[in-house]
Amino acid sequence: MAFWDYANPTRFLKLVQVVLPWLTGLCVVAFAAGLYMSFFVAPEDYQQGQTVRIMYIHVPAAWLSMMCYSIMAVSSLGTLVWKHPLADVSAKTAAPIGAAFTFMALVTGSLWGKPMWGTYWVWDARLTSVLVLLIMYLGLMTLWRTMDDPIKAGKAAAVLTLAGALNLPVIKFSVDWWNTLHQPASVMRLDGPTIHPDILWPLLVMAVAFTLLFFVLHLMAMRNEILRRRVRTLRLRAASAAHPRSAVATAQPAE
Amino acid sequence: MDLGPHAGFILASYGLCLLTVLVLIAWIRIDKAGQEKALRELAEQGVSRRRPEDGGR
Amino acid sequence: MSTWAIVLFQRDLRLSVRVGGSALVGVLFFLAVVTVIPFGVGPDLNLLSRIGPAILWIGALLATLLGLDRLFQADRDDGTIDLMLMAGRPLELVVLIKCLAHWVATGLPLVVAAPLLGVFLNLEPAAMAAVTLTLLVGTPALTLIGAIGAALTVTLRRGGLLLAVLVVPLAIPVLIFGVSSADAAIHDPVPFLTPFLILCALSLIAAVIGPIASAAALRFAAD
Amino acid sequence: MFEDLSFSLEGGSALVVTGANGIGKSSLLRTLAGLVPLAQGSIRLEGGAPDTPPQEHIHYFGHQDAVKPALSALENLQFWRNFCAAAHGSGFSGDPMEPLKAFDILGIEHTAQLPAAFLSAGQKRRLSLCRLLVTPRPVWLMDEPTAALDRVSESQLLDLMNAHLAAGGLIVTATHSDLALEKTLNLHLQTGDAADLPLEDAPQ
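Chains as they are written, first to last, in our numbering: chain W, 1 to 255; chain Z, 1001 to 1057; chain V, 2001 to 2223; chain U, 3001 to 3204.
FYI, nobody ran anything at the bench for these hints, they're computed from the structure.
Keep in mind that this is a model prediction, so the values were computed, not measured.
It cannot be assumed that every hint is accurate.
Claimed, not checked - Quick list of simulated restraints, FRET-style, between CB atoms: (1) W:Lys83 - Z:Glu1044: 32 to 40 Å; (2) U:Arg3151 - V:Val2019: 51 to 59 Å; (3) V:Ser2002 - W:Val74: 49 to 57 Å; (4) V:Ile2205 - Z:Leu1011: 18 to 26 Å; (5) U:Asp3104 - V:Pro2115: 21 to 29 Å; (6) W:Val159 - V:Arg2158: 35 to 43 Å; (7) Z:Lys1032 - W:Trp117: 54 to 62 Å; (8) Z:Trp1027 - W:Ser70: 21 to 29 Å; (9) Z:Glu1036 - U:Asp3051: 46 to 54 Å.
Glycine included, every Cβ here is placed at the ideal spot set by N, Cα and C.
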């Protein structure tokens, strides 16, 4: 299975070296096309006017915030079940990126909400559950930071990620229930079938661009993480070497 | 083009998203520079990934 | 300021932001508290904007208290406090500088986050500015008063909860004048300046009493 | 805790405190360090800087290393170097040592830039020992100084201690192992009867 070949971090780094420029290029092209389409091709909404253009970043960011968590959940399974060496690297590095996308979804959402609803924030079911997701991301990042040993931190974070993955639907459901008891829903809906292709296409292109952006950032961050662990191993070795200078002398012929 | 009465909100959302992505990229680049610097320093100290005794793993 | 003070400040700041440090956990806790309140009181925006300043203040108080248990504990556990007692530097100043570094690492982020969290509570811009200002002036007082509790519980293995119980009564005046000056800024007829100046005075008093009391407690804890 | 205990020590000599476990060797050192208040009696240091309490002439090297894992070894040492006030006494001619030189002497120079979390117990101990070298103080109180040290480091430590004595410093150490120190006096602590070791020489 080809996937397993890239379990070796060195091989993975080589792959990243090859893939990253292409992916970055594609991402830039997709963003250029998507931004052009969302500003110049897409029509303004008859109800919301020009503010509908915020949707082209808001909705992809919201999708990505959830996709990112799914990737972390799968990676956590990889850590706990398959013991894949890159799984916790992937899970760890996806968290800040996911947090950033969630943050973007929240910010654009409230900037969209102000002209439409008259307020930046309502404790609406959907918004609240995205906020809870953001807190989950930040909590996971903090957990990673407070533990010194990456292996232990990886396992702990994997358990929390999976518990969160099981809990998020429950949270979503209960927040929905909580909210309908108190306040009638005021969230605007994108009713699938009624979306005009002129709106749908820019949205899809932007979604592809955001996904590509995620993968570019994720690969870059994974590369950093692998380097960080290499530094850690080397430092541990450096500390344990009693006489590093003599080690230099013997190491040189081997190079 | 005319963004209507809410141009400020639209530009702010795009701007903030751009800013977030730029901060993320900058953070990743700085992190990478830091790790590579540490690796270089360790290499100068003569700590290699190969153990001197067995000449490679 | 002399070198040793700057060095101590830098060290404490470094320790709180590096791996194992807990500088940003407080902010996260603050965010969690503010998120949880609407589940309790309901998502009514009018209600939330009315009690918003109080929520932010209580959140900041709790976040400060929970972060304080490591203020001296880590230094006590590895013997650093013993050496600090013998270093030939006035312990009161050492405590003051440690509190200052702790506040910069944990209190200041709360102040910065307050306007952002004000959005969730539907605060008016004026109210947001007022709460942020009162937090900026008031959280140092919370840290300095909390330092007393941190010094008293330093010998206990799990002093965190006890610390909170000990310090909450002492922090009540700060809470009263913090919230009342923030409220005064929102409701025009009441003057803002009077409670705000009292809050400033409380912070200054805490800056004197906190280090002296904590230093005394730390000296007793040494033997 | 102690009764009728009195001793005096002259510059350039060491006092080795021995005794069974739990007899109070560590407590004695902590009392001398000023960390435990005296119930009765006094500790005097002659020839020290005026207006400075005795404990600020003292380096206390206890069981704990006071090493912060998140800081690099050098950052740890630099902090203590700048934080701890140096103290001089008449007849004591100790000079401050550069941190890297101290690392070099104790054989941990290669760990200077590493986070202290990566150091072994013995390396942390040696890092803690460097603290005594970078800030000169005439009196060293050392509680089991050889714990967690290998044979090589132990002999390095002895060299350092002898150098400190040669510079006119004082050392009080509690130990189980024999230390080859010059000009040693022994204080053996016992239960019951008074462990009394009066020495007539006053510190310089």
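Tested hints:
For W:Lys83 paired with Z:Glu1044, a C-beta distance near 35 Å keeps the hint of 32 to 40 Å intact. Between U:Arg3151 and V:Val2019 the beta carbons are some 34 Å apart, a value that contradicts the proposed interval 51 to 59 Å. The hinted window of 49 to 57 Å between V:Ser2002 and W:Val74 holds, with their beta carbons roughly 55 Å apart. In this structure the hint that V:Ile2205 and Z:Leu1011 lie 18 to 26 Å apart at CB is violated, the actual value being about 47 Å.
The beta-carbon spacing between U:Asp3104 and V:Pro2115, approximately 52 Å, falls outside the hinted interval of 21 to 29 Å. A C-beta distance of roughly 23 Å is found between W:Val159 and V:Arg2158, which places it outside the suggested range of 35 to 43 Å. One distance hint, 54 to 62 Å for the beta-carbon pair Z:Lys1032 and W:Trp117, is violated here, with the actual separation near 42 Å. Distance hint check: the CB atoms of Z:Trp1027 and W:Ser70 are about 23 Å apart, consistent with the given range 21 to 29 Å.
At about 53 Å, the beta-carbon gap between Z:Glu1036 and U:Asp3051 stays in the expected band of 46 to 54 Å.
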